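Protein chains in written order, with our numbering: chain D, 1 to 344; chain G, 345 to 876.
Rather than coming from a laboratory, the hints here were simulated on the basis of the structure.
A quick note: this is a predicted structure, and the numbers were derived from the prediction, not measured.
Mixed in with the good hints there might be a few duds.
Claimed, not checked - Partial chain D-side listing against chain G, Cβ under 10 Å, derived:
#1 Phe176
#2 Ala216
#3 Ser223
#4 Gly228
#5 Phe284
Even for Gly, the Cβ is constructed at its ideal location relative to N, Cα and C.
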Amino acid sequence: MQPSKQADEPTTAPESSAAGARHRGVRVLTFGDVFGRDAGGIIVLLILFGGMTLLSDQFLTGANLGNLARQVAIFGIIAIGQLLVILTAGIDLSVGSVLGLAGCTTAELLFHGVPIAAAILGGLAVGAVCGLVNGLLVAYAKLPPFIVTLGMLGIARGVVLVFTDASTIQPLPESFSNIANGTLLGVPNLLWLFLAVVLLVAFVLRRTTFGRYVYAVGSNPESARLAGVPVRTVLVSVYVISGLLAAVGGVLFTARLGAGIPTAGTGYELNAIAACVIGGASLFGAKGGAFGAAAGALIVAVLNNGGNLLAVNSFYLQIIIGLLILVAVFFDQFQGRIAAGRGR
Amino acid sequence: MTAVQAVRPDDGAAFVSLQGITKAYGPIQALGGVDLELRLGEVHCLAGENGAGKSTLIKVLTGAIRRDAGEYTVGGTPIGNPTPAEARAAGIGVVYQELSLLPDLSVEENLLMGRLPAHRGITRPRELRRQARQMLARVDLRELDPSTPVSALSPAVSQLVEIAKVLGQDPRVLIFDEPTTALSENETSALLTRIRQLRDAGHTIMYVSHHLEEMFAIGDRVTVLRDGKFVKSAPMGEFDHDSLIGTMVGRKIESLYPAGKRTIGEPRLVVRGLRRSGVDGTIDFTVRSGEILGIAGLLGSGRSELLQAVFGGDPITAGEVRVDGKKVRPGSPRQAVQAGLGLLTEDRKTLGLLLELSIRANTSIANLPQLARFFMVNRGRENGIVDKYLGNLRLRAASWEQPASSLSGGNQQKVLLARWLATEAKVLFFDEPTKGVDVGAKSEIYQVIGDLAAEGLGVVIVSSYLPEVLGLADRVLVMREGLIAGELSAADATEQEVLHLASPGATPISRVGALPTPEPDGKPTGGHDATE
Chain D
1 MQPSKQADEP
11 TTAPESSAAG
21 ARHRGVRVLT
31 FGDVFGRDAG
41 GIIVLLILFG
51 GMTLLSDQFL
61 TGANLGNLAR
71 QVAIFGIIAI
81 GQLLVILTAG
91 IDLSVGSVLG
101 LAGCTTAELL
111 FHGVPIAAAI
121 LGGLAVGAVC
131 GLVNGLLVAY
141 AKLPPFIVTL
151 GMLGIARGVV
161 LVFTDASTIQ
171 PLPESFSNIA
181 NGTLLGVPNL
191 LWLFLAVVLL
201 VAFVLRRTTF
211 GRYVYAVGSN
221 PESARLAGVP
231 VRTVLVSVYV
241 ISGLLAAVGG
251 VLFTARLGAG
261 IPTAGTGYEL
271 NAIAACVIGG
281 ASLFGAKGGA
291 FGAAAGALIV
301 AVLNNGGNLL
311 AVNSFYLQII
321 IGLLILVAVF
331 FDQFQGRIAA
341 GRGR
Chain G
345 MTAVQAVRPD
355 DGAAFVSLQG
365 ITKAYGPIQA
375 LGGVDLELRL
385 GEVHCLAGEN
395 GAGKSTLIKV
405 LTGAIRRDAG
415 EYTVGGTPIG
425 NPTPAEARAA
435 GIGVVYQELS
445 LLPDLSVEEN
455 LLMGRLPAHR
465 GITRPRELRR
475 QARQMLARVD
485 LRELDPSTPV
495 SALSPAVSQL
505 VEIAKVLGQD
515 PRVLIFDEPT
525 TALSENETSA
535 LLTRIRQLRD
545 AGHTIMYVSH
555 HLEEMFAIGD
565 RVTVLRDGKF
575 VKSAPMGEFD
585 HDSLIGTMVG
595 RKIESLYPAG
605 KRTIGEPRLV
615 VRGLRRSGVD
625 GTIDFTVRSG
635 EILGIAGLLG
645 SGRSELLQAV
655 FGGDPITAGE
665 VRVDGKKVRP
675 GSPRQAVQAG
685 LGLLTEDRKT
695 LGLLLELSIR
705 ANTSIANLPQ
715 LARFFMVNRG
725 RENGIVDKYL
735 GNLRLRAASW
745 EQPASSLSGG
755 NQQKVLLARW
765 LATEAKVLFF
775 DEPTKGVDVG
785 AKSEIYQVIG
795 DLAAEGLGVV
805 IVSSYLPEVL
815 GLADRVLVMR
825 EGLIAGELSA
835 ADATEQEVLH
845 LASPGATPIS
855 RVGALPTPEP
865 DGKPTGGHDA
875 TE
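Same shape as in the complex, but just chain G (with noise of 0.2 Å):
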């Protein structure tokens, strides 16, 4: 197939050496004497936390920054600070966690861009085709048209197609950043498969993943990162789920949630016959005062797009919305707000900052109306507010009318924390609230997440990460395809039944004229087995 076959797999031979990695951003140490070793014909799995550094290490391995210190050598030879066409030369190939594909050209142009089959400039779309098609093979994937536009592939078929580019460049080592977040089960387990026949045809995989399940199914060896230093290299038999994640982390996770001692009250929240367009059936649920309510499904089950709708963001069909037992009127986000309600997007860059304004201005932004008279604005009770949500929040900022683009990820956090805070709602939604945040911020969060409950708000928090739903939630509504699969008191609550009303297969239970309420015990109320 390639050349790459013609190297034996060698124990013990490291074919990529990483030797004291450092970088720092500005002020902020990314990584601090990182070694990595990845051997030919092994899969090297990353392990870390978000922010634990696994991303700026595979730029540096890939060529797209450049590294402040340490020794990088490929095949023993020293190969300086290169750049991303020199690592490429080098062998290294990446499989990007966001599809480096242009959605708009065909999948021929995609494969071989920058390289396009020509003579003299003049493009020969018989040869780009012939390539593509070669290229495509080696993926199985001889039944799709080169021609079809990138927009019209799944995401699946996209990543194979994403795969079969980097092939196409003959790397040797082949580097999967979270290749399956977009992914089905079916999907996943059957790139797992892939990757085990590129390893036994002599590639070298570094797999970066958050699923540690995933990890342990193709993984011959793990290097564990945490807070940009190296922990530990091993065996992946060396590690049971546990152990991995206590050196991931290096203490215990359950201290992470704050302990629940909160009275559940009246409902604040009251959603009723929710309809979405382009979704059959309608969702009803209901949050009450001082409880904290999880939302978990797989990605794209319509969790973002159910808070979304609730809080006006998206249009609505059909259904009720009521805060404190008066109806929000759909469709309108300043709506919402003056109802009580507030949203802390999934997105912080796209959906929540106002990244050139200040401090000030993003914290008050939610709030100004109340902070006006005749609408003018009164500065001194602006900055009171700001004092007090963000003091208490203890954010680290040299003066408040810094732009809030200069900060880390989890002030940045905060500051949106405070923006809702001071619009003193009365229910918030959290969406995927610590993402990007480090773990120490992210406590804070979550402290600051079960003091608003105590204090008798209505929490919903969305997350992809499980434990942390179980870890806050006192029930948990599980989503799938849009609908709500099922409902589990978090309590009894376990991964894998989450996980099993999650993946398609059971049947929801809020299809038309399903009964509103889910039964106690949350399981799907008939049809077929999740597992077919």
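Isolated chain D, as found in the complex (with noise of 0.2 Å):
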């Protein structure tokens, strides 16, 4: 073990006297002060939205936002769950594999009669036991996850190109089609779905004892540890949820397009990356959070619709999407940089 050696001043000097006082009681709630490091992606998106608004006359209409929901929601879905991943400070490469896996495994199961909620809970599983899989191997086998989740991208792609002879499933039921298809209250299905995905999972990182320790693995495995924090069952759970979520896309994916695909899902998982990073999240983990990474999902999915509608050439649209992963990282450093300056 190298010893380790005490850096000897400047952390040490005495303290500036003025911040001695600690300002509670009353004040203005702001914006920044509910959604944190998410404000910025969310102030973009409203920047984006109300320049679309001016821009195209069909932006805001019932049918296009009700298009724009149903793109937006299954990546946002994905990104959700890649996100509780990049916050322990790993990447999971394989949801993109594990989304086609599981809907194709709904599918099939579908397609063989068995009952929709039986085949719905067939396809989760799958996409539960993939994450298990690259868990088990990040905590306990101590494998980077890089490459235990690009290991799964090629081995969850491949199962079900063989099982499917790389050929679509159908025709599925009308009623499990209806599940990704149907509305409630004007809004669509998927759009609530999407919605309860992120309440749930920003409720979850902010309120519960098990949020607090998924950051706490992200800053730090090893003082985590130290600290009573359970890392390994917190890295497995990661994994299992970002797998679980993907298999959720699977199976919308399926019931949206009303047919198995088994190419459904290639490279979502970059567009997964791309949402939590636009949202604010830090590749090396402990930042960033559920309502950011929905931000940065919708970003991506407004920018492609607002292209579309204002017929920009989509390869376009592909660099402004490069463009603006670089601007929200150096955004990022940049703030980094400033507070390090005067934090000390």
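Using the hints, put the two standalone chains together into the complex.
As structure tokens, then:
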């Protein structure tokens, strides 16, 4: 073991006495208080929304918003799962493949006459198992998350291509398709689901012990372990949740198209990571939130949707989204540096 | 040997001179008007407590940081604000506290890193080997194969390789920053001899160490810093042990430690037959209610490892740990925390703090299960706990929501302290509790430790700073080679006795089959004399 020695000074000099008072009591709750780090993404989203409304008559119509909601929901749900993994300083590259595998599992079960509820549970179970394998390999075998989930990306996609023979599974029952295409109170079911997932995960991250542990593990797993945090359980859990949410995405994808498509979800992992990063999550862990990731997912979706409406070449949209990721990370680093300069 | 020899030592003339150096990190003044003169052919010691500004001053000398103000001349010529490369070119070489060698590369590559002999970008292995052998010969390492990876070397040999590397740049000034922390006694005296040779060859040596004995053994002159300020510069002979400490601290040290009026009661922590992998033997000890147990020993004697093993941070191969009579499942810090143990780790940044997270989250993390109902954290109770414990420790921060990384070392330590106080632990382990902490926070931490014991907790303290162990503890266990070499009662323990037990040669008493309880006077139960 490398003997560590004390750094001799800056941390030890006398602190400024000005920082004595804690301001408490009544004060106005600001936007930043509620959303914290997520605020930046939400502001960008609002600006984007306003801009699009001005630029295109069709943007703020019921039909288009419904369309937008369906586009964003599936990949937003995956992004939320991805966020949990990223908060522990990990990454889950397998979500796109797991989406495909889980969706086709459900489709195959339905095709063979299994009841809808059981078929959905079957698909979700497959996703959770994929996540469990990822989690066990990361937490107990101590393999790097990037490698583990890269392996799972290939395996899950390979498995689905083998058992479907790379062909689409259809037809599926009408009532199954209604799950993704129906509406409740005029709002698409998919959006309700997305909203439920975001609110649930936001609550878990902010208010539960598990949520605190996720941030602690992402900040410093060794410190967390020595503070009594069940680090391995937390790690396994986030990968299982990510796999499960990818499977939810897969079932919804299958329901929306009314068919099991073996190549569904290809490339979604990168979109999910992009949504988290644009929404303020740090790939080094411990920074980010559910509202931010949701805002990130919406930003990407609005850009795509708006691009279509304004007939912008979709290749340019890719460039814009790429730039957005760089700007988001740059802004984050810049902020970090300012804070560091002030604090020390 | 080098061009350095041509220059004759010249009494009184400064070769390197720093005048009125100041340096601030944000609001914190690390150096405020420090003067330093290094003469040719002398060993100049730099003395001061942690946080006195020694490392900052070294960084100014080597160009690692830019000073805010002050004059810096070498050989009478001002050299401005040098970059590290310019400082090296001016003749300043430094043997770093933390070795700067790359462990996976070979000795020869390390020696010549940055100027590897090459022809049009293709390296020349034979030339590399030749130059490396020459450099190693200067520190009498002719036997060492230059292709050995550095990770295979002992600390003492790595240190010599490091010195050879610095000497390869023909420096006139050599700075040694805590060079002996990883060395045994024999290795240390060999190093001091080597340093004297370098001085006699005309080099100027600046020697920085926490070990006063080394300074007295080798120093010609000494400069004392306190709280970033210059205190005194004088020939070593003007000081004795006590007056040097007095100058460094600026007041009497005894007042730092809380007066002990504690009642020692029932055993709270009982460790029996604890065996760690790689250590041949077992460890038994008991900590009683109201008692402070000190654990002393040299670096690498297994002090921190013992705490980690009892706490469940490291696996054990045998033995049992009981807290208040209840057995603790080994190998799990989570179980240990639930059983009422707490460990304030030695390395705050890598083993203690969650730097990105808020002060509040850092304080409550070990206590969350108690603050939660149905897995939901009760924010009101959480804030109450944080206010209570951090308030009592007089932590100065703008808000509990600011990240832990924004705090100074002493305040970070208070956050960790509050974390364990909040768990209402029954037994607390402190591993180097005052490392990198300024004097003010130090005495507050001592006060808290004393209060905790007075409240009836069992307290275990590990420290490399012997006066701290002897000042705080009721009883001292001395460790050597992973085992307990002896036990002393703090009242009649002296530094010499502790060092005697800690040094190789004396026989550990807790070998397999040995008595579980040490002899009352703590002397080794037998074997050969310690000084062989």
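Each hint tested on the structure:
no.	hint	result
1	Phe176	violated, 34 Å
2	Ala216	holds, 5 Å
3	Ser223	holds, 5 Å
4	Gly228	holds, 3 Å
5	Phe284	holds, 8 Å
Violated hint: 1 only; the structure is consistent with all others.
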